[in-house]
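Sequence lines, in order, name chains A and B.
Just so you know, we're using our numbering here: the first sequence kicks off at 1 and counts up by one.
Just so you know, we're using our numbering here: the second sequence kicks off at 1 and counts up by one.
Worth flagging that the hints you see were computed from the coordinates, not collected in a lab.
Because the structure is a prediction, the values reported are computed rather than measured.
Treat the hints with care, since some could be wrong.
Unchecked claim - As a list, the in silico SDA-like pairs of lysine to any residue whose alpha-carbon atoms are at most 25 Å apart:
| hint | chain 1 | residue 1 | chain 2 | residue 2 |
| --- | --- | --- | --- | --- |
| 1 | A | K326 | B | V64 |
| 2 | A | K21 | A | D137 |
| 3 | B | K314 | A | G156 |
| 4 | B | K326 | A | E27 |
| 5 | B | K370 | B | F448 |
| 6 | B | K19 | B | R319 |
| 7 | A | K107 | A | E188 |
| 8 | B | K40 | B | V64 |
| 9 | B | K326 | A | K269 |
| 10 | B | K305 | A | R382 |
| 11 | A | K314 | A | G335 |
| 12 | B | K267 | A | R319 |
| 13 | A | K144 | A | E188 |
| 14 | A | K269 | A | R171 |
| 15 | A | K2 | A | E27 |
| 16 | A | K374 | B | K267 |
| 17 | A | K314 | B | E260 |
| 18 | A | K314 | B | G393 |
| 19 | B | K269 | A | E320 |
| 20 | A | K21 | A | K314 |
| 21 | B | K269 | A | D376 |
| 22 | A | K370 | B | L160 |
| 23 | A | K314 | A | R382 |
| 24 | A | K267 | B | S313 |
| 25 | A | K326 | B | Q329 |
| 26 | B | K361 | A | R319 |
| 27 | B | K370 | B | G399 |
| 28 | B | K40 | B | N279 |
| 29 | A | K432 | A | Q403 |
| 30 | A | K267 | B | A14 |
| 31 | B | K370 | B | P359 |
| 32 | B | K110 | B | R41 |
| 33 | A | K326 | B | Q356 |
| 34 | A | K432 | B | G399 |
| 35 | A | K326 | B | D165 |
As the list claims (entries may be wrong) - Partial pick of chain A residues on the chain B-facing surface, computed with a CB cut under 7 Å:
| hint | residue |
| --- | --- |
| 36 | A14 |
| 37 | R325 |
| 38 | A405 |
Virtual Cβ for every residue (Gly too), placed ideally from N, Cα, C.
Take a look at the letters that make up each chain.
2 protein chains.
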Amino acid sequence: MKVVKFGGSSVADAGQLQKVKNIVTSEDNRRVVVVSAPGKRYSGDQKVTDLLIKLGESIQHDQVDHEVYKMIVDRFQSMVDELNLPLNVLEEVRKRLEYSMEQVQKKEAKAIDSLKSCGEDGTALILSAYLRQEGYDSSYVNPKEAGILVRDEPGGALVLEESFDQLYRLRERREILVIPGFFGYTPEGTLVTFSRGGSDITGSIVAAGLQAELYENFTDVDSVYCVNPMYVDRPKELTSLTYREMRELSYAGFSVFHDEALIPAFKAKIPVCIKNTNNPSAPGTMITADLPDRDSHVVGIASDKGFLNLYVSKYLMNRELGFGRKLLQILEDEGVSFEHAPSGIDDMSVVLRDHQLPPEKEEVVVGRIKEELKVDTVIIERDMAMIMIVGEGMNQTIGIASQAACAFREADVNIEMINQGSSEVSMMFGVKTEGLADAVQSLYRTFFE
Amino acid sequence: MKVVKFGGSSVADAGQLQKVKNIVTSEDNRRVVVVSAPGKRYSGDQKVTDLLIKLGESIQHDQVDHEVYKMIVDRFQSMVDELNLPLNVLEEVRKRLEYSMEQVQKKEAKAIDSLKSCGEDGTALILSAYLRQEGYDSSYVNPKEAGILVRDEPGGALVLEESFDQLYRLRERREILVIPGFFGYTPEGTLVTFSRGGSDITGSIVAAGLQAELYENFTDVDSVYCVNPMYVDRPKELTSLTYREMRELSYAGFSVFHDEALIPAFKAKIPVCIKNTNNPSAPGTMITADLPDRDSHVVGIASDKGFLNLYVSKYLMNRELGFGRKLLQILEDEGVSFEHAPSGIDDMSVVLRDHQLPPEKEEVVVGRIKEELKVDTVIIERDMAMIMIVGEGMNQTIGIASQAACAFREADVNIEMINQGSSEVSMMFGVKTEGLADAVQSLYRTFFE
Numbered sequence: 001m002k003v004v005k006f007g008g009s010s011v012a013d014a015g016q017l018q019k020v021k022n023i024v025t026s027e028d029n030r031r032v033v034v035v036s037a038p039g040k041r042y043s044g045d046q047k048v049t050d051l052l053i054k055l056g057e058s059i060q061h062d063q064v065d066h067e068v069y070k071m072i073v074d075r076f077q078s079m080v081d082e083l084n085l086p087l088n089v090l091e092e093v094r095k096r097l098e099y100s101m102e103q104v105q106k107k108e109a110k111a112i113d114s115l116k117s118c119g120e121d122g123t124a125l126i127l128s129a130y131l132r133q134e135g136y137d138s139s140y141v142n143p144k145e146a147g148i149l150v151r152d153e154p155g156g157a158l159v160l161e162e163s164f165d166q167l168y169r170l171r172e173r174r175e176i177l178v179i180p181g182f183f184g185y186t187p188e189g190t191l192v193t194f195s196r197g198g199s200d201i202t203g204s205i206v207a208a209g210l211q212a213e214l215y216e217n218f219t220d221v222d223s224v225y226c227v228n229p230m231y232v233d234r235p236k237e238l239t240s241l242t243y244r245e246m247r248e249l250s251y252a253g254f255s256v257f258h259d260e261a262l263i264p265a266f267k268a269k270i271p272v273c274i275k276n277t278n279n280p281s282a283p284g285t286m287i288t289a290d291l292p293d294r295d296s297h298v299v300g301i302a303s304d305k306g307f308l309n310l311y312v313s314k315y316l317m318n319r320e321l322g323f324g325r326k327l328l329q330i331l332e333d334e335g336v337s338f339e340h341a342p343s344g345i346d347d348m349s350v351v352l353r354d355h356q357l358p359p360e361k362e363e364v365v366v367g368r369i370k371e372e373l374k375v376d377t378v379i380i381e382r383d384m385a386m387i388m389i390v391g392e393g394m395n396q397t398i399g400i401a402s403q404a405a406c407a408f409r410e411a412d413v414n415i416e417m418i419n420q421g422s423s424e425v426s427m428m429f430g431v432k433t434e435g436l437a438d439a440v441q442s443l444y445r446t447f448f449e
Numbered sequence: 001m002k003v004v005k006f007g008g009s010s011v012a013d014a015g016q017l018q019k020v021k022n023i024v025t026s027e028d029n030r031r032v033v034v035v036s037a038p039g040k041r042y043s044g045d046q047k048v049t050d051l052l053i054k055l056g057e058s059i060q061h062d063q064v065d066h067e068v069y070k071m072i073v074d075r076f077q078s079m080v081d082e083l084n085l086p087l088n089v090l091e092e093v094r095k096r097l098e099y100s101m102e103q104v105q106k107k108e109a110k111a112i113d114s115l116k117s118c119g120e121d122g123t124a125l126i127l128s129a130y131l132r133q134e135g136y137d138s139s140y141v142n143p144k145e146a147g148i149l150v151r152d153e154p155g156g157a158l159v160l161e162e163s164f165d166q167l168y169r170l171r172e173r174r175e176i177l178v179i180p181g182f183f184g185y186t187p188e189g190t191l192v193t194f195s196r197g198g199s200d201i202t203g204s205i206v207a208a209g210l211q212a213e214l215y216e217n218f219t220d221v222d223s224v225y226c227v228n229p230m231y232v233d234r235p236k237e238l239t240s241l242t243y244r245e246m247r248e249l250s251y252a253g254f255s256v257f258h259d260e261a262l263i264p265a266f267k268a269k270i271p272v273c274i275k276n277t278n279n280p281s282a283p284g285t286m287i288t289a290d291l292p293d294r295d296s297h298v299v300g301i302a303s304d305k306g307f308l309n310l311y312v313s314k315y316l317m318n319r320e321l322g323f324g325r326k327l328l329q330i331l332e333d334e335g336v337s338f339e340h341a342p343s344g345i346d347d348m349s350v351v352l353r354d355h356q357l358p359p360e361k362e363e364v365v366v367g368r369i370k371e372e373l374k375v376d377t378v379i380i381e382r383d384m385a386m387i388m389i390v391g392e393g394m395n396q397t398i399g400i401a402s403q404a405a406c407a408f409r410e411a412d413v414n415i416e417m418i419n420q421g422s423s424e425v426s427m428m429f430g431v432k433t434e435g436l437a438d439a440v441q442s443l444y445r446t447f448f449e
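Let the hints inform the model, and build the full structure from the sequences given.
As structure tokens, this is what we get:
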């Protein structure tokens, strides 16, 4: 059996839900469906989840924003109308929404989570009703009923191990099950949402629990591209990737989905297929544990801006036991998370995401480094970009580094930093942001043309 | 004025001392001379310092090794005889030696240091007597008289700041001063030696204290080579280097001298010239603070064997605040010093000198990493070599990385690791030891032929 997940744009309106119905019913073994909240129908439109957050804030400030409330209900109403569904379906969606609004008004714990999840919940209710109306046996399954148990954490819900066994029982059900994404329940019964983009997480958990043969993740692109289409016109599509490649690519600028969302599926070794709701016959991108048979060693070029380099130098640093550890300790004390820490003989750099070190924190961190480590120099260089070339087995291939370095030279972009040595799947280069586009284009020509 | 230092082979016998006299007296401003203990006169010969250590050990075991004692005295006697010096010179050398032996016998604190320093001390006594006999005004100056004050540390003496002011007063002296290298005195008056190779340190301290215009370091090679002559036949000689380049080169296999020895001279911005006692007209290698005018950006290729890579992987490592710090903390707790720590998304490598992690310590460290960090994998890969290409401004030159990477490809050697990003002066590559020679030769062809 397959678990099929549809993203926000795939369930944005009645027309999209018709495509979803066609996709789900075109194969007998697409038996479990996970849905997001309705996304944007056109550029400039608002996502239902954003509207729900606005509504929640207005209630918290004791000024219910009726206009936003109406916009939310209208989104669901137009779906129900256009699909000719019975009116009680909309009633159920409204009931759930109004119950959550009351909870927020009463300032109940986690009431905002309950309100935020109404987008997914309404979509699931509507989709299952629509499938039934079209003659298919289908049920809405609430995550509590499905057994998605979570622990409430500051960054969002974390799935509990027992969920997987509970979910496995759903295999006995014969009808098409529609589960809203984005939330689960604590063992005490409180609804808690995952981090943003959390419907991918639900899909991944459900696929893992059900031990699905495949987890299909439907979005609005035909496949994962080998490079950000912002830099290269119509880049090559990736037909296959390994989990590790996907994870490394997701790290730097591959925003097809949240890189952590797939982890439950990865751990259970469920293959994942990224497909397009608007063009379901396209083969999509298959993500598997094992290395697929293929020619090229480089499968993708990921890139991201917004890094900074914290450079520290001190004479005889390399004789000082614990220097590197002490530097990282200061960052940790100040809650600053770092990405990489390449070191020379008497100097060390620490690469961070720019937002990790706002000016006020920079002052504290630089002050502590100067005082506690008695360094000679501390320099902060912002406007750094990272480029990552990714491919299984790449590090064992003689010449990849030289091809990459030649590409930078051809683009006339200086490599500020190279980080290779730990990951067997990737090689990372730091450049000044101004050189990013040229470098990525040159790497694309080198490895893909 | 210039401070001139002569190494062990430059003072190995009377013939060498004649060369030293000629070099010192050929320029009026070579006014302060620092000498090592007599080194090997031929392959298979023994260094006087090694003999002194043997002698000391025999005394500590209450079995004075008279044969070794005689070998030491013979070395000095033949110098005195061949240079036709008055007999009282030898008497003085013997007196000093026998006094130190008695101290060791009495188990006085630091008596071994006193004994170990008799090689330099005797050489200085003989050289100054020889200069006087040849008609030059010259004095032996004991480090206590010179004002070389040190603190006793486990790794060897550490110079105290006040030494520099004291040494400055020697500028008033008009004669040629001969100072034995390798030792200083604590403020309480105890003789303490520097770490092995410590005559370079004395020379460097004296040059800094006297604010010499130049510190000339005479050895037995015409200059510093751009690569280890073990790998390349008659490699290019370096006419100039910056301090930073020298320091980076010294780190990995450039054993012309101890990399820390030059630090006092570096800090005082005294230029250093490496010259050959046996060919003093050769220009040598000049080491300065400022970047000399020159074409090539790569000035040297250093390399060293005996590294290992400790590889650790853990799913979602990059979201775990403090992971890198905790890993380094474990190493620090176990007294293991690391060189570099390149990191991927979910993995991290730590490069160490092989001897830092003997098997019994490996077990403890690997056990702690597994237990405390709950990692997925820990792998130790030995037989790693590091190659470093060094040159000021190199990191700002587009194309150096690509030339280097091409050289590895041409040598058919896989790059296991690249560490570039912190030092502005070097780029480091990790390879398997079996590929080291081929890679170094290929890099040499690329950058120097």
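Going through the hints against the structure:
At most 25 Å may separate the alpha-carbon atoms for a hinted pair to count; K326 (chain A) and V64 (chain B) exceed this at roughly 49 Å. A threshold of 25 Å between alpha carbons decides the hint, and for K21 (chain A) with D137 (chain A) the separation of about 12 Å falls inside it, so the pair holds. For the given pair, K314 (chain B) sits about 21 Å from G156 (chain A) by alpha-carbon distance, which is consistent with the 25 Å threshold. Of the supplied pair hints, the one linking K326 (chain B) and E27 (chain A) is violated, its CA atoms being roughly 50 Å apart against a limit of 25 Å.
Note on K370 (chain B) and F448 (chain B): the hinted pairing is violated, with a Cα-Cα distance of about 46 Å set against a maximum of 25 Å. A hinted pair counts as satisfied when its Cα atoms are at most 25 Å apart, and K19 (chain B) with R319 (chain B) does not qualify at roughly 65 Å. Note on K107 (chain A) and E188 (chain A): the hinted pairing holds, with a Cα-Cα distance of about 18 Å set against a maximum of 25 Å. Under the criterion of a C-alpha separation no larger than 25 Å, the hint pairing K40 (chain B) with V64 (chain B) is consistent with the structure, at around 23 Å.
Between K326 (chain B) and K269 (chain A) the CA atoms are separated by roughly 30 Å; this puts the pair beyond 25 Å, and the hint is violated. Taken as a hint, the K305 (chain B) and R382 (chain A) pair is broken in the structure, with Cα atoms around 36 Å apart against an allowance of 25 Å. Under the criterion of a C-alpha separation no larger than 25 Å, the hint pairing K314 (chain A) with G335 (chain A) is consistent with the structure, at around 24 Å. Between K267 (chain B) and R319 (chain A) the alpha-carbon distance is near 17 Å, which keeps this suggested pair within the 25 Å criterion.
With a C-alpha separation of about 11 Å, the suggested pairing of K144 (chain A) with E188 (chain A) holds against the 25 Å cut-off. Straight-line distance between C-alpha atoms of K269 (chain A) and R171 (chain A) comes to about 18 Å, which keeps the hinted pair within the 25 Å bound. This hinted pair checks out: K2 (chain A) and E27 (chain A) have alpha carbons roughly 9 Å apart, not beyond 25 Å. A C-alpha spacing of about 16 Å is found between K374 (chain A) and K267 (chain B), which places the hinted pair at or below 25 Å, so the restraint holds.
Distance check on the hinted pair: K314 (chain A) and E260 (chain B) sit about 14 Å apart at the alpha-carbon level, within 25 Å; holds. Only pairs whose Cα atoms come within 25 Å are accepted, and K314 (chain A) paired with G393 (chain B) is accepted, the gap being roughly 18 Å. Proximity of K269 (chain B) to E320 (chain A) is assessed by CA-CA distance (about 23 Å); at most 25 Å being required, the pair is judged to hold. For the hint pairing K21 (chain A) with K314 (chain A), the CA-to-CA distance comes to about 64 Å; that exceeds 25 Å, so the pair is violated.
For the hint linking K269 (chain B) to D376 (chain A), the alpha-carbon distance of about 16 Å falls within 25 Å, and the restraint holds. For a cut-off of 25 Å, the pair hint linking K370 (chain A) to L160 (chain B) stands: about 23 Å separates their Cα positions. Only pairs whose Cα atoms come within 25 Å are accepted, and K314 (chain A) paired with R382 (chain A) is accepted, the gap being roughly 21 Å. About 15 Å separates the Cα atoms of K267 (chain A) and S313 (chain B), which keeps this hinted pair within 25 Å; it holds.
Between K326 (chain A) and Q329 (chain B), the direct Cα distance comes to roughly 9 Å. Compliance with the 25 Å bound is thereby established for this hinted pair. At roughly 20 Å between alpha-carbon atoms, K361 (chain B) and R319 (chain A) fall within 25 Å of each other, so this suggested pair holds. With a C-alpha separation of about 41 Å, the suggested pairing of K370 (chain B) with G399 (chain B) is violated against the 25 Å cut-off. At most 25 Å may separate the alpha-carbon atoms for a hinted pair to count; K40 (chain B) and N279 (chain B) meet this at roughly 18 Å.
The hinted pair formed by K432 (chain A) and Q403 (chain A) meets the criterion: a straight-line CA distance of about 20 Å does not exceed 25 Å. A threshold of 25 Å between alpha carbons decides the hint, and for K267 (chain A) with A14 (chain B) the separation of about 76 Å lies outside it, so the pair is violated. In summary, the hint linking K370 (chain B) to P359 (chain B) is supported, as the alpha carbons are separated by about 16 Å, within the 25 Å threshold. Between K110 (chain B) and R41 (chain B) the CA atoms are separated by roughly 29 Å; this puts the pair beyond 25 Å, and the hint is violated.
In summary, the hint linking K326 (chain A) to Q356 (chain B) is supported, as the alpha carbons are separated by about 20 Å, within the 25 Å threshold. For the hint linking K432 (chain A) to G399 (chain B), the alpha-carbon distance of about 15 Å falls within 25 Å, and the restraint holds. The straight-line distance between the Cα atoms of K326 (chain A) and D165 (chain B) is roughly 34 Å, outside the 25 Å bound, and the hint therefore fails. Here the hint on A14 (chain A) is broken, as its CB sits about 39 Å from the closest CB of chain B, past 7 Å.
Annotation: interface hint on R325 (chain A) holds; nearest CB of chain B at approximately 4 Å, less than 7 Å. The restraint placing A405 (chain A) at the interface with chain B holds, with a minimum CB-CB distance near 3 Å, inside the 7 Å limit.
Of the numbered hints listed earlier, those contradicted by the structure are 1, 4, 5, 6, 9, 10, 20, 27, 30, 32, 35, 36.
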